[in-house]
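Asks: This is what each chain is made of:
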Amino acid sequence: MRVAGKGLIDRTRPVTFRFDGTSYGGFAGDTVASALLANEVRLMGRSFKYHRPRGVLTAGSEEPNALITTGTGAQREPNVRATVQEIHEGLVTQSQNAWPSLSFDVMAVNDLAAPFLGAGFYYKTFMWPKKFWEGLYEPIIRKAAGLGALSGQHNTDTYERAYAFCDLLVIGAGPAGLMAARTAARGGADVILVEEDALMGGRLNAETLEVDGKPGHLWAAEVVAELAGMENVRLMTRTTVTGAYDGGMYGALERVNQHTGQRNGGAVLETFWRIAARHTVLAAGALERPVAFQNNDRPGIMLASAVRAYLNRWGVSPGKQVAVFGNNDDAHRTARDLVAAGVHVAALIDSRAGVSVEGAGYPVFTGAQVCNAGGGKELESVTIRTAQGEQAIQTDCLAMSGGWNPSVHLTCHMNGRPTWNADIQAFVPTEGSIPDMTVAGSCNGVFSTHGCLTAGVEAAVAALGALGKKPVKVDVPQAEDAPYSLSPLWAVAGKGRAWLDFQNDVSVKDIKQAAVENFRSVEHMKRYTTQGMATDQGKSSNVAALAVLADATGRGIPETGTTTFRPPFVPVSIAAMGAGAQGKGFAPQRFTTSNTQSVRMGAPMIEAGLWYRPSYFPKPGESTWRQSCDREVGYVRKSVGVCDVSTLGKIDIQGPDAAKLLDFVYTNMFSTLKVGRVRYGLMLREDGHVMDDGTCARLGEQHYVMTTTTAAAGPVMRHLEFVSQCLHPGWQVSFTSVTEHWAQFAVAGPKSRELLNGILAAPVDNESWPFMACGDVTVLGVAGRLFRISFSGEHAYEIAVPARYGASLFDALVKRAEEMGGGAYGMEALNVLRIEKGHITHAEIHGRTTAFDIGMGRMVSDKKDCIGKTMAEREGLMDPDREQLVGLRPVGPVKQLTAGAHLFDKGAEPVRVNDQGYVTSVAFSPDVGTFIGLGFVQRGPERYGEVMRMVDHLRGLEAEVQICAPVFVDPEGGRTRG
Amino acid sequence: MRIDCPICGSRDRREYYYQGAAVALERPAPDAGDAAWENYVHLRENPAGETRDLWHHEGGCGAWVVVTRNTVTHGISKVELAVDVTGARR
Chain A
8 MRVAGKGLID
18 RTRPVTFRFD
28 GTSYGGFAGD
38 TVASALLANE
48 VRLMGRSFKY
58 HRPRGVLTAG
68 SEEPNALITT
78 GTGAQREPNV
88 RATVQEIHEG
98 LVTQSQNAWP
108 SLSFDVMAVN
118 DLAAPFLGAG
128 FYYKTFMWPK
138 KFWEGLYEPI
148 IRKAAGLGAL
158 SGQHNTDTYE
168 RAYAFCDLLV
178 IGAGPAGLMA
188 ARTAARGGAD
198 VILVEEDALM
208 GGRLNAETLE
218 VDGKPGHLWA
228 AEVVAELAGM
238 ENVRLMTRTT
248 VTGAYDGGMY
258 GALERVNQHT
268 GQRNGGAVLE
278 TFWRIAARHT
288 VLAAGALERP
298 VAFQNNDRPG
308 IMLASAVRAY
318 LNRWGVSPGK
328 QVAVFGNNDD
338 AHRTARDLVA
348 AGVHVAALID
358 SRAGVSVEGA
368 GYPVFTGAQV
378 CNAGGGKELE
388 SVTIRTAQGE
398 QAIQTDCLAM
408 SGGWNPSVHL
418 TCHMNGRPTW
428 NADIQAFVPT
438 EGSIPDMTVA
448 GSCNGVFSTH
458 GCLTAGVEAA
468 VAALGALGKK
478 PVKVDVPQAE
488 DAPYSLSPLW
498 AVAGKGRAWL
508 DFQNDVSVKD
518 IKQAAVENFR
528 SVEHMKRYTT
538 QGMATDQGKS
548 SNVAALAVLA
558 DATGRGIPET
568 GTTTFRPPFV
578 PVSIAAMGAG
588 AQGKGFAPQR
598 FTTSNTQSVR
608 MGAPMIEAGL
618 WYRPSYFPKP
628 GESTWRQSCD
638 REVGYVRKSV
648 GVCDVSTLGK
658 IDIQGPDAAK
668 LLDFVYTNMF
678 STLKVGRVRY
688 GLMLREDGHV
698 MDDGTCARLG
708 EQHYVMTTTT
718 AAAGPVMRHL
728 EFVSQCLHPG
738 WQVSFTSVTE
748 HWAQFAVAGP
758 KSRELLNGIL
768 AAPVDNESWP
778 FMACGDVTVL
788 GVAGRLFRIS
798 FSGEHAYEIA
808 VPARYGASLF
818 DALVKRAEEM
828 GGGAYGMEAL
838 NVLRIEKGHI
848 THAEIHGRTT
858 AFDIGMGRMV
868 SDKKDCIGKT
878 MAEREGLMDP
888 DREQLVGLRP
898 VGPVKQLTAG
908 AHLFDKGAEP
918 VRVNDQGYVT
928 SVAFSPDVGT
938 FIGLGFVQRG
948 PERYGEVMRM
958 VDHLRGLEAE
968 VQICAPVFVD
978 PEGGRTRG
Chain B
33 MRIDCPICGS
43 RDRREYYYQG
53 AAVALERPAP
63 DAGDAAWENY
73 VHLRENPAGE
83 TRDLWHHEGG
93 CGAWVVVTRN
103 TVTHGISKVE
113 LAVDVTGARR
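Protein chains in written order, with the working numbering: chain A, 8 to 985; chain B, 33 to 122.
Be a bit skeptical, because a hint or two may be false.
Derived Cβ-Cβ restraints for the label pairs, each shown as a range [said to hold, decoys possible]:
{"no.": "1", "chain 1": "B", "residue 1": "53", "chain 2": "A", "residue 2": "566", "range": "36 to 42 angstroms"}
{"no.": "2", "chain 1": "A", "residue 1": "17", "chain 2": "B", "residue 2": "107", "range": "46 to 52 angstroms"}
{"no.": "3", "chain 1": "A", "residue 1": "885", "chain 2": "B", "residue 2": "45", "range": "24 to 30 angstroms"}
{"no.": "4", "chain 1": "B", "residue 1": "45", "chain 2": "A", "residue 2": "113", "range": "47 to 53 angstroms"}
{"no.": "5", "chain 1": "B", "residue 1": "63", "chain 2": "A", "residue 2": "960", "range": "43 to 49 angstroms"}
Because the hints were derived from the structure by calculation, they are not lab data. No residue lacks a Cβ here, since even glycine has one placed at the ideal position from N, Cα and C.
Produce the complete structure using the sequences and hints provided.
Replies: Listed below in structure tokens is the structure:
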């Protein structure tokens, strides 16, 4: 129910939203949880395993119980914490894990079967028969246990990733964080202040504390206003720092539009930030912990701090007659706040015996414990146990406090372990766990407001020093400085199930059972019971579970230790982390200058690395790709074909030592290459295997242009930089990748020169441009380069122009080729043409083959050293028994060959030990009239003519193949020179 | 993780390509023998503590850098240009 005159909500702005089909009213500033409580809705969810009715436990992101689904259709989002989701007009929410309805859930029958479903039940119960697990047990268990469901539809929301940099990152905007930010900002540091909540101020917004004589929330607002006016400060609300990483990197999730409901038209739903901070102040605060007692999960039982937050921040009393139970002074503060707000307090139960309370105006029980709770879907009563015995108290809300746990999580993300502090019965951060981080305030176990304000200032002064900035004098405001005293109370003794991990339904009994079954290590206990493994990661339950385990195993809590804290601190959607990488955003797309024209010609485009290249250019009447491909092969063999080869890597190499460098990276000589000539080159890795191949043209004494394969353009560039910077820094040579500067087209076929002479300013002939010549030309009025090289084995050229002329030149070349009975050809034809000539690609130089294997052993010059030469000379890499490159033709009844198939002696069984080699490339050769292939066979060159058995186990194909030389067309090479 | 490029300044590690141990800088002479070459190409230390790596600032200035870092703490203690390291040795 709403309490008049309380809360920081805007009562002039009513908001309506839906929960489970019913419309409710709230105000701007409400969360779903506060608004539902205001409407006296306490039942908000069903538990994971036993489907027990559950209400809200907390008022923050650590909430284990009140998980809801928001939105509909593709925008449905499961497992949203009702304590975090702000209401907005039109918000639609639903409860989860209940059928047919939240108040009548059939699966609640699980709760009756609880004796059979204890810790580790699925390891024990569903063992036999073995095959029943996957088919029967698991699906049933999965269906019964669960959280919200995904929509199953494509995610239509927009997410962003963003980067930020600062001198000082302040995490948490409570009293410590605000003072740290103010101090550092006044000291001139670039500050980012990050707050998970929509409203900065932390507990100051949830308590009735005063700072500098004014209400805490007003003081906080003043500090925020000051910071907002400073240019060196960035304030980030609704942003949770999710992880601490190496080198001062932090991940943070910003909820950008969950609170507005704007989700269409490119409105960003969430932004995942990567923040680089030189120094960090962690002021993440502390989380209150519950007390375990029988039925402590009844809706209406919540943390005392949450009750105060609902009362003071949202003007809501979660009950009409509230009982308060605790082991520390916060319980008293809760009762006082409630009474001051006019809410009836049914009783105050303090587990400590020696506490005196005077003039309270409500029943006070000291040295007493709550040992049971009555009611079903709502709390109706609690049973308290005093020295005099047990008695029931009528209440609809119990505010409980077992003390506070500092939020040490981020300090443990780089393998740090927290330290047990017996004074506050909690773990605190271990100093130095994260380099360049200072921990301040209640996050460090300091619980008074004054202590937090002071710690914030001190942390900022230390940070300013570390950043090399002058310290500033900042007065610490006046605030309460009450000592924090508690006596440990983890679990109230008694029968029945007392809950620790609300979200995963883990009880005190389960932890004890784990200890009995010798799962005594905290990591084993966790996995056996699933304690702390739910979406809240046991934020409110882990320490209590450790305490119970410590007790059950006769150890202390520090000896028992904690489980490992890992990022993220709160659940982060994969969509946010991978923002922008959906669909086409997954990888950049690279397009050649001929792309538009190729698509217009109907070519299916295939990916080659990041590039898109035309597969083939279909003509009317062709119904299969093979028809198109065969036709295009015919262009090149019989007239002229045009193909965009711009995707090959092009590296411009210049400098006095350019020739020396090329001699060192290629196996063969390039210093002897004449200006105006091109040479084929082979590159090895230092381990002696082939890295890449391609042509390299010498344009001047100190100027070469190297081409690489499309796939290896990046790695080869990196390799050249490595050789020049790391091995020979004295050599004067530099590299520029010019792949995208030049559009380059192969013009191949017997009529290629005729075609070119129609567009070149100065016609070429066999004298001026023999095979492997290169140089500058003017083509259609544009300065370009012409290379007489051939991948197809025909009389061929490659012509290059600056990329801005690429599209025009491609059009002109294709048009002229078509007039001459040829035309454009795509990747399929290019592949057939090169296989017919036995030219290798990365299908053959796949990383495990040597120059010897591909029949190029003689290309490794013995006149000089080169990368890979020494290791290539190892005995095992020159062994004649190695698999070496051969050609393959089908000779049996089966005419199809497949790449990836293996080769066996005729009559040998096709098993691994009999393996003689494998097929790397196959194509249907229109020229030969059958399938042809390239492959590697042991002692291959000695076995030409031999018939072998080709078996493709994967595709279930077998054929007889004859080994031959790997050149099927024009073996003498006369055509290229003609 | 961030690496201080001597040329560009502090940059996110995603701008860099990781190569491996800085042993790659010490290429043996062709006739140095099998052991030296095996050590150069194949054998690598796997220390719990300080290690020296080669990284390429591929998304930045293109410099190869030698990064001295600690495999236990992930702390980076030194970043040098490979040209300086190799140049100083000769």
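Asks: Work down the list of hints and note, for each, if the structure agrees.
Replies: Hints, verified against the model:
no.	hint	result
1	B:53 / A:566: 36 to 42 angstroms	holds, 40 angstroms
2	A:17 / B:107: 46 to 52 angstroms	holds, 48 angstroms
3	A:885 / B:45: 24 to 30 angstroms	violated, 40 angstroms
4	B:45 / A:113: 47 to 53 angstroms	holds, 52 angstroms
5	B:63 / A:960: 43 to 49 angstroms	holds, 46 angstroms
Hint 3 alone, counting from the list given before, is not met by this structure.
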